[in-house]
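**Student:** Okay, here's what each chain looks like letter by letter:
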Amino acid sequence: MDVKAGIIAILKDFTGLDDIGSDPDENLFADGVLDSMATVEVLVAMQDKFDIQVPVSEFDRNQWNTVNKMVDRVGELEEA
Amino acid sequence: MHNITPYSSPTYFIYLLILLLPIMIGLYNGKRFRVYETFATIIILITAFFGGNMSQGISLICYILYEMVLVLSYLRYRTKKDSKNDFWVFFWSVILAIIPLVFVKLDPLINNATISLFAFMGISYLTFKSVEMIMEIRDGAIKEVKPWKFIRFLLFFPTITSGPIDRFRRFQKDVLKAPSREDYVKLLKSGTNRLMLGFLYKFIIGYVFGTLLLPKVSDLALSYQHQAPLGLSWWVVAYMYVYSMYLFFDFAGYSLFAVAISNFLGVKTPMNFNKPFKSHNIKDFWNRWHMTLSFWFRDFIYMRLMFFMMKKKLVKNRVTMANLGYLTLFLIMGFWHGETWFYIVYGLFHAGAMITNDAWLRFKKRHKKSIPSNKFTECFAIFLTFNIVCFSLLIFSGFLNTLWFS
Chain A
1 MDVKAGIIAI LKDFTGLDDI GSDPDENLFA DGVLDSMATV EVLVAMQDKF
51 DIQVPVSEFD RNQWNTVNKM VDRVGELEEA
Chain B
1 MHNITPYSSP TYFIYLLILL LPIMIGLYNG KRFRVYETFA TIIILITAFF
51 GGNMSQGISL ICYILYEMVL VLSYLRYRTK KDSKNDFWVF FWSVILAIIP
101 LVFVKLDPLI NNATISLFAF MGISYLTFKS VEMIMEIRDG AIKEVKPWKF
151 IRFLLFFPTI TSGPIDRFRR FQKDVLKAPS REDYVKLLKS GTNRLMLGFL
201 YKFIIGYVFG TLLLPKVSDL ALSYQHQAPL GLSWWVVAYM YVYSMYLFFD
251 FAGYSLFAVA ISNFLGVKTP MNFNKPFKSH NIKDFWNRWH MTLSFWFRDF
301 IYMRLMFFMM KKKLVKNRVT MANLGYLTLF LIMGFWHGET WFYIVYGLFH
351 AGAMITNDAW LRFKKRHKKS IPSNKFTECF AIFLTFNIVC FSLLIFSGFL
401 NTLWFS
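Residue numbers (the working numbering), protein chains in the order written: chain A, 1 to 80; chain B, 1 to 406.
Take these hints with a grain of salt, some might be off.
To be verified - Covered stretches of chain A (chain B as the covering partner; in silico rule of three or more C-beta atoms under 8 angstroms from a C-beta of chain B):
{"#": "1", "stretch": "28-37"}
{"#": "2", "stretch": "46-60"}
Claimed, not checked - Here are the simulated PhoX-like pairs of lysine-lysine, each with C-alpha atoms no more than 20 angstroms apart in a straight line:
{"#": "3", "chain 1": "B", "residue 1": "K268", "chain 2": "B", "residue 2": "K177"}
{"#": "4", "chain 1": "A", "residue 1": "K12", "chain 2": "B", "residue 2": "K368"}
{"#": "5", "chain 1": "A", "residue 1": "K49", "chain 2": "B", "residue 2": "K312"}
{"#": "6", "chain 1": "B", "residue 1": "K149", "chain 2": "B", "residue 2": "K268"}
{"#": "7", "chain 1": "A", "residue 1": "K49", "chain 2": "B", "residue 2": "K313"}
{"#": "8", "chain 1": "B", "residue 1": "K365", "chain 2": "A", "residue 2": "K12"}
As the list claims (entries may be wrong) - Some chain A residues flagged as far from chain B (calculated, every beta-carbon gap over 12 angstroms):
{"#": "9", "residue": "I8"}
{"#": "10", "residue": "G16"}
{"#": "11", "residue": "P24"}
{"#": "12", "residue": "K69"}
The set of hints was computed from the structure by calculation and includes no laboratory data.
On a predicted model such as this, the values are computed, not experimentally measured, just so you know.
Just so it is clear, CB atoms sit at the ideal spot from N, CA and C, and this is done for glycine as well.
Just chain B, with the same shape it has in the complex (with noise of 0.2 angstroms):
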């Protein structure tokens, strides 16, 4: 026995459309089988966590119960009567709900010794959910948890090893209720659609872009590496190409199976793509590629930020104000994906895109009557765009590092 990812094989969804199927007929006739989900909750998660040794699924359990406590706990301090809602105890309370990720994370750097508490697939998915709970606890949005709901939330299975990342009161209106006959026949039919565009994304385009096709480019890459300055022979640009389409379209098809059984479920979890590839500009790009994360991002980090220090007025041009947010989101954004060169050059890389395609935006407000605009300058800012996001998917990809460190 070994631990099974969720939807990596064709037959994972034979197997787990049979275990929903009373679900799905409790939900159709406009019933939830509270005990029974909990039940199919528990065989997904032995599954996926306790296949092999029982490590990753004794540190999901520590996890739930570590963050669990600490949600509470602040809920608990923030809903007394005279809460002084102190910036130190919220402070605080993020810092010690992300130390478990953090260890994960610096884990690879220490050789041999090992920090990390719990390890387990998908702790970036439930810190992200904990920490958003924490932030909307001390805004006062979220005003009552329940542990079962807590553990409901975090642990609701189609999302857990990758996302999309929901939101607490978002998905305690789905299922706090069963959705309307009608609702629910809607739900079926886009969640059919999103599996079988999901099985095209991911079993046949990646499977062809990233099986078959990447490995070539990549012998090619490296057989050539000494012919060319630096290494970057044509075949570097090939993999680029390459490997951007196989990540999309492996993730957007991953994403679209996570979507479609929540749907099933009769959760409406947020999608993560919206056509990325057609983004006229990096900040269009980011409103469109894994859109949860950046959302999170978006509304957990930048904006926040951007409110204490126009509060503070630690910043007065607000030009350099909104680069600052941007250099903090992406390098955050970057260190959270790993802690190697590459991350974090892709993120300050995209940091510096996102500054130089504002600057470009002011300039273009200021010249409006000059600067052309029509099909062809679209077209063109699409085709830039695109080559700009897959360069930086080829820093992603950590290629480089393999071409001129190993």
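For reference, chain A alone in the conformation it holds in the complex (with noise of 0.2 angstroms):
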């Protein structure tokens, strides 16, 4: 499975919006797309899809901010 395209469907289903990742590199947290509840949905999400365990210190917005980033980040933490 495209960890890319599951990322973004999760997106889409937690935001309710279309055209989120039409650009893989905008910034999720700036403009509000995501806010904390949001945040957590995603997170749980991811864990269950791509089994892998995200604690909630090792969130760093920074870090987890883009499309682009989260791929990266999912991709790290799988190979752990």
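Could you fit the two chains together into a complex? Lean on the hints.
**Tutor:** Shown next as structure tokens:
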């Protein structure tokens, strides 16, 4: 399963925005696309989908603020 | 002799900068003088906590030792080979970490006798740091803490009395090395700018609002009390704005000092304010006002609570879950400010504002096409948010308590 497509699907689900992912470098926190609640939902969904563990402590907003960065982080956590 | 509150007068800075000069010369040359840094820390702590009677200072020492034993014991438990990471061990560690603060906060409710074990200026901010460490140790994000690292993090003097609240791992990155010459020159520049802006905020604008205007408006509001329903004359409205301005410029000024002095020591302490009165809504406001506190509450209370509720499927509806989170967060924030009705109401008011704001954002999303969005609506949003914030700060000020109950 393509990680990027999976992440975009999750983001679409929780934000209800169809055009999300059209710019994979868009800062998702800056414009309030993701708030804290949506962030937790996305994290929980990613944990289930990719079978990874993301402790809240490791969730540094600057490291998870774009689709591309999320793909990188999930990749790292899958390898670990 | 009495205790000297850091940054309370312009002359304080002259002595402070003389004391810090050797550290700054060292950093400029790529060296961190650890022994001298410790010496300077001790001098500042003595002036701040041991100036009058020694009780504040002794409390501080006992508190630090208590929290250190607690955090290091929890770390030891978590880094044991087959650590079970039991929820209840974590839970009781957090409770034990906040108990000294809880006692300090409950103390004013009790007549005569004192139950505070350790009372000193800034205990809240040190407690935030300790709890942060316990939470991140639980997650396995902090794996190693030496006693002296713990002490240096908690006793970092530029921020000891009122924040901003830094994070352990971020802080270590800065203090374990000396910055490059280029980086340090940048820090000196940003530090100087912040120091100057801080002077303008705290000693000029804050002084005008807090020392010159506020007592006058307060007297007027009290003298017109009997001519208006509930005592709410127009002077109370004036008090609301004057107090809000005073609170912002005084605290933002203080925070700028703390960040500036940190910068001089080669530490990038996070900023506390980001133009809060330009916020478009309450959610935006909490991302700009006393940021290190609101982010602490966001990361260590709200998000963790959401995570927990979602995993245990305690609440089905996501809106209910988010709203419960807001209520919990802002009630805790209210109780943290102090055990008076107006702090609690302030917390509830903000929880209500957040819940309303979320509902509006959901409505707006559904009716995107039919709701206009232009310069005028933007200005209106900023105006409305500003007034809601100022009203909440009027509650926070306790002036209504004076007006109605004393």
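**Student:** Taking the hints in turn, state whether each one holds.
**Tutor:** Structure-based check of all given hints:
no.: 1; hint: 28-37; result: holds (count 4)
no.: 2; hint: 46-60; result: holds (count 5)
no.: 3; hint: B:K268 / B:K177; result: holds (13 angstroms)
no.: 4; hint: A:K12 / B:K368; result: holds (17 angstroms)
no.: 5; hint: A:K49 / B:K312; result: holds (17 angstroms)
no.: 6; hint: B:K149 / B:K268; result: holds (17 angstroms)
no.: 7; hint: A:K49 / B:K313; result: holds (17 angstroms)
no.: 8; hint: B:K365 / A:K12; result: holds (14 angstroms)
no.: 9; hint: I8; result: holds (19 angstroms)
no.: 10; hint: G16; result: violated (7 angstroms)
no.: 11; hint: P24; result: holds (22 angstroms)
no.: 12; hint: K69; result: holds (18 angstroms)
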